[in-house]
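S.K.: From first to last, the protein sequence lines stand for chains A and B. In this text, residue positions in the first sequence follow this note's numbering: the first is 1, and each later residue adds one. In this text, residue positions in the second sequence follow this note's numbering: the first is 1, and each later residue adds one.
Don't take each hint at face value.
Some chain B residues judged to face chain A by a derived CB distance under 7 Å, without partners named [claimed, not checked]:
no., residue
1, Met1
2, Thr6
3, Asp8
4, Leu10
5, Gly14
6, Val20
7, Asp23
8, Glu27
9, Val36
10, Pro37
11, Ala38
12, Leu297
13, Ala303
14, Ala307
Listing some non-contacts, in silico: residues in chain B with all C-beta distances to chain A over 10 Å [claimed, not checked]:
no., residue
15, Ser52
16, Leu86
17, Arg238
18, Ala254
19, Arg264
20, Ser301
Derived pair list, reagent style EDC-like, types lysine to aspartate or glutamate, alpha-carbon separation capped at 20 Å [to be verified]:
no., chain 1, residue 1, chain 2, residue 2
21, B, Lys200, B, Asp213
22, B, Lys2, B, Glu94
23, A, Lys39, A, Glu184
24, B, Lys35, A, Asp95
25, A, Lys116, A, Glu47
26, B, Lys35, A, Asp96
27, B, Lys64, A, Asp136
28, B, Lys82, B, Glu60
29, A, Lys116, A, Asp54
30, A, Lys169, A, Glu47
31, A, Lys169, A, Glu69
32, B, Lys64, A, Asp95
33, B, Lys35, A, Asp136
34, A, Lys116, A, Glu73
35, B, Lys2, B, Asp305
36, B, Lys35, A, Glu105
37, B, Lys2, A, Asp96
38, B, Lys35, B, Asp23
39, B, Lys64, A, Glu47
40, B, Lys2, B, Asp13
Derived from the structure by calculation, the hints contain no laboratory data. Ideal placement from N, C-alpha and C gives every residue a C-beta, glycine not left out.
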Amino acid sequence: MQDADLRGPRAVAFSRDTMRRFVPRTEVLNAADIARAIKRMAHEILERNSGLDDVVIVGLERGGVPIAEALGEALESIEGIAVPVGSVDASFHRDDISTTSILPEVTRIPFSVSDKHVVLCDDVLFTGRTVRAALDAVTDFGRPRSIQLAVMVDRGHRELPIRPDYIGKNLPTGRDEMVRVSLESVELGSRVPLDEGTGTGDQT
Amino acid sequence: MKDLLTIDQLGADGIREIMVTSDSFAEVCQRPIPKVPALRGKTVALMFFENSTRTRTSFETAAKRLSADIMNFSAASSSVNKGESLRDTVETIEAMGVDAVVVRHGSSGAPQQISRWAASSVINAGDGWHAHPTQALLDVYTIREEGRSFEGLHIAIVGDIAHSRVARSNIEAFRLLGAEVTVVAPPTLLPPHVEALGAKVSNDLDAVLNDTDVLYLLRMQHERMDQALVPSLGEYHRAFGLTPERARRLSDSALIMHPGPMNRGIEISPEVIDDPRVRVLNQVTNGVIVRMAVLYLVIGSAAADRAAS
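With these hints in hand, go ahead and build the complete structure from the sequences.
M.R.: Have a look at this one:
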């Protein structure tokens, strides 16, 4: 077994995935919708920061990383300048170690965040607790001039005073529902134990 | 998994989980502030019934970089000297409120026994001649860091196999990952039923050198001389020490490892210690990283089990 295979929905010695699978019900956005949303958010980022000076992008592991990369590419294609894109795993900054059920990824921020406008990207904004942890993780690397938050889906149910600056789609959800985001689709569905349903195992 | 007592209990996937997690902590250790709040509010007790400055310091550094609080306990200055039983000592420490107990003990099986009494996580930091799992894990990490695949890797472990918990845990770990292990020692320093270890056996270091990818030297304990298991340290060095001549015959891509502390002039000649293939200091650095991963996973996994029940 390769190291990458350890990160799926499975339980070995320590990783404690909840052993549930996602069953999609409705597709909320398709690939073209997502591409348009990314482009719009890129324009909003440029507008808000008057260009790309001192803007860096940091994706939140794991779902936020493809969003961050797509935003980076969109920004580059509009402005013709490459923007630094990094990733952060907030596991070590969470307020409850018993909720860290997946093996951590390696944080990669190979550029300075001091005095930069950091655009933190995630796929789904839910309780806000992961973003809270990520704010602490990013500020360990330096003192940004600002941290802004971009999310593909804001599904509500915040438990902390955190709001996004750039939103792909506002999606009202029930607390028990689940949202799955990729660059191909945004799906709303539910999470069921592994022995029920027919969807593929994934989380968010 | 609440405790880490042996390598066997982890299996190959468990070892890989610790390696993957260690990659994340290696990055943390590179930061300007090499510290994360992952274990804030948790207490780690370091119970060393046997002296060991480096293992204790390594665990202590790891716990501090995770923001855990540390309770230090050494047998020399404790009630153990006043005749307190192991069980009473452990229960007393637990009553103060700890989340993990790191145990070093001269008797094989002591951490297993403690884990039966303790509700907190127990991490074996070396017990008797039995096991030293975190040493094996940091050694695996050090070899993996070089981009080496364990499948078919030839590892020679040289020295006092009979009395070495490092040898036992490392053979388990290396074999689980697919490496071919050869133990090299004079017959007096091989355990009875050595074939049960699953390693090839040799009494001739020169015969295995050419085919060795990782040369792992064990520390020679001086007390073995008193027991007349080796004729003299000089003789041991001539037959089993890494001399400049043997180092020349080792391939350029080979790694030379030692769990420390090294006896210069016994396991290894002073001239060889600065050889670019020597990974001894990497092993020390990686010890902190891997122990961070172990503390994080063991304490996190115990917390998740409690939350689930």
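S.K.: Taking the hints in turn, state whether each one holds.
M.R.: Going through the hints against the structure:
Hint status for B:Met1: holds, given a least beta-carbon distance of 5 Å to chain A, under 7 Å. At a threshold of 7 Å, the smallest CB-CB gap from B:Thr6 to chain A is about 12 Å, leaving the interface hint violated. Using the Cβ-Cβ criterion of 7 Å, the hint placing B:Asp8 at the interface with chain A is not satisfied: the shortest such distance is roughly 11 Å. A distance limit of 7 Å between C-beta atoms decides the matter here; for B:Leu10 the minimum to chain A is near 5 Å, and the interface restraint holds.
About 3 Å separates the beta-carbon of B:Gly14 from the nearest beta-carbon of chain A, less than 7 Å, and the hint is met. Here the hint on B:Val20 is kept, as its CB sits about 5 Å from the closest CB of chain A, short of 7 Å. Given hint, B:Asp23 at the interface with chain A, holds; its Cβ is 5 Å from that chain's nearest Cβ, closer than 7 Å. Among the interface hints, the one on B:Glu27 holds; its C-beta lies about 5 Å from the nearest C-beta in chain A, closer than the 7 Å criterion.
The beta carbon of B:Val36 is positioned within 7 Å of a beta carbon in chain A (closest approach about 4 Å), and the interface hint is therefore held. Nearest Cβ of chain A to the Cβ of B:Pro37: about 6 Å, under the 7 Å cut. The hint holds. Nearest Cβ of chain A to the Cβ of B:Ala38: about 4 Å, under the 7 Å cut. The hint holds. The beta carbon of B:Leu297 is positioned within 7 Å of a beta carbon in chain A (closest approach about 4 Å), and the interface hint is therefore held.
With a least beta-carbon distance of about 4 Å to chain A, the hint placing B:Ala303 at the interface is held under the 7 Å criterion. Because the smallest distance between the Cβ of B:Ala307 and any Cβ of chain A comes to about 4 Å, under 7 Å, the interface hint for this residue holds. For B:Ser52, the non-interface assignment is confirmed: its Cβ lies about 25 Å from the closest Cβ of chain A, beyond the 10 Å cut-off. Every beta carbon of chain A lies more than 10 Å from that of B:Leu86, the smallest distance being close to 27 Å; the non-interface claim holds.
Distance to chain A confirms B:Arg238 as a non-interface residue, since its nearest Cβ pair spans about 42 Å, more than 10 Å. In this structure B:Ala254 is separated from chain A by more than 10 Å, as the shortest Cβ-Cβ distance comes to about 24 Å. With a least CB separation of 37 Å from chain A, B:Arg264 remains clear of the 10 Å interface cut-off, as annotated. The claim that B:Ser301 lies off the interface is violated: its Cβ sits roughly 5 Å from the closest Cβ of chain A, which falls inside the 10 Å cut-off.
For the suggested pair B:Lys200 and B:Asp213, the alpha carbons sit about 15 Å apart, so the restraint of at most 20 Å is met. Taken as a hint, the B:Lys2 and B:Glu94 pair is honoured in the structure, with Cα atoms around 15 Å apart against an allowance of 20 Å. The straight-line distance between the Cα atoms of A:Lys39 and A:Glu184 is roughly 15 Å, inside the 20 Å bound, and the hint therefore holds. Under the criterion of a C-alpha separation no larger than 20 Å, the hint pairing B:Lys35 with A:Asp95 is consistent with the structure, at around 15 Å.
Restraint check: the Cα-Cα separation between A:Lys116 and A:Glu47 comes to about 16 Å, which is no more than 20 Å; the hinted pair holds. Simply put, B:Lys35 and A:Asp96 have alpha-carbon atoms about 17 Å apart, close enough for the 20 Å limit, and the pair holds. For the hint linking B:Lys64 to A:Asp136, the alpha-carbon distance of about 18 Å falls within 20 Å, and the restraint holds. At roughly 26 Å between alpha-carbon atoms, B:Lys82 and B:Glu60 are farther apart than 20 Å, so this suggested pair is violated.
A hinted pair counts as satisfied when its Cα atoms are at most 20 Å apart, and A:Lys116 with A:Asp54 qualifies at roughly 5 Å. A threshold of 20 Å between alpha carbons decides the hint, and for A:Lys169 with A:Glu47 the separation of about 19 Å falls inside it, so the pair holds. Between the alpha carbons of A:Lys169 and A:Glu69 the distance comes to roughly 18 Å, so the proposed pair stays at or under 20 Å and holds. Pair hint B:Lys64 plus A:Asp95 holds up; C-alpha atoms about 17 Å apart against a cutoff of 20 Å.
As the CA atoms of B:Lys35 and A:Asp136 are separated by approximately 12 Å, the hinted pair is consistent with the 20 Å bound. Between A:Lys116 and A:Glu73 the CA atoms are separated by roughly 19 Å; this keeps the pair inside 20 Å, and the hint holds. For the hint pairing B:Lys2 with B:Asp305, the CA-to-CA distance comes to about 8 Å; that is within 20 Å, so the pair holds. In summary, the hint linking B:Lys35 to A:Glu105 is supported, as the alpha carbons are separated by about 16 Å, within the 20 Å threshold.
Note on B:Lys2 and A:Asp96: the hinted pairing holds, with a Cα-Cα distance of about 17 Å set against a maximum of 20 Å. Pair hint B:Lys35 plus B:Asp23 holds up; C-alpha atoms about 15 Å apart against a cutoff of 20 Å. A threshold of 20 Å between alpha carbons decides the hint, and for B:Lys64 with A:Glu47 the separation of about 43 Å lies outside it, so the pair is violated. For the hint pairing B:Lys2 with B:Asp13, the CA-to-CA distance comes to about 16 Å; that is within 20 Å, so the pair holds.
When held up to the earlier numbered hints, the structure conflicts with 2, 3, 20, 28, 39 and fits the remainder.
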